[in-house]
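Asker: Sequence:
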Amino acid sequence: MKKTKGQIEDALGKAFIQFYVQKLGTGPKNARVYILEDMIIARLTGRLHPLEDFLIHEKKGIELVKHIRKAFQEATIKDLNKVIKKHIECEVISFHSDSSTKTGERFEIFIVDRNLSEYFKNS
Numbered sequence: 045m046k047k048t049k050g051q052i053e054d055a056l057g058k059a060f061i062q063f064y065v066q067k068l069g070t071g072p073k074n075a076r077v078y079i080l081e082d083m084i085i086a087r088l089t090g091r092l093h094p095l096e097d098f099l100i101h102e103k104k105g106i107e108l109v110k111h112i113r114k115a116f117q118e119a120t121i122k123d124l125n126k127v128i129k130k131h132i133e134c135e136v137i138s139f140h141s142d143s144s145t146k147t148g149e150r151f152e153i154f155i156v157d158r159n160l161s162e163y164f165k166n167s
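Okay, so the sequence shown: first residue is 45 according to this note's numbering, each after it adds one.
Derived from the structure by calculation, the hints contain no laboratory data.
Note that the Cβ used here is the ideal one computed from N, Cα and C, for glycine as well.
Check the hints yourself; a few may be wrong.
Claimed, not checked - Distance windows between CB atoms, simulated: (1) L95 - K126: 22 to 28 Å; (2) F139 - E102: 25 to 31 Å; (3) K103 - K47: 20 to 26 Å.
Sequences and hints are given; from them, build the entire structure.
Answerer: Listed below in structure tokens is the structure:
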């Protein structure tokens with residue numbers, strides 16, 4: 045039986061949390077995922093990594109934390125694509141991310157190769 049949009053959004057949220065915990069040893073406390081047309085939008089909330097929390101209080105720390113996060117995202121995009129493909133058949137064609145160094149909240153937007161609204165039309 046085909047999963048509903050809500051079931052896949054929930055499964056992706058849990059998978060993203062698990063992914064970050066496996067890669068970093070810690071991850072977001074919560075993840076909300078929204079599928080909208082050709083976008084998968086993830087809102088990851090919780091806390092900063094302990095190293096990030098330390099660095100933001102240092103000179104140029106915020107800039108450094110954002111640079112580290114960007115480098116991590118570039119290094120893991122192929123793995124994140126696999127996480128998405130495990131739950132829904134699509135290919136990530138671009139990835140955009142931003143984060144708050146005050147709250148640790150992070151938004152990740154994956155642009156995929158198809159309109160997923162069409163996929164869920166009959167579910």
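Asker: Taking the numbered hints from earlier one at a time, note which ones the structure violates and give those numbers from smallest to largest.
Answerer: Number 3 - this is the single hint that the structure violates.
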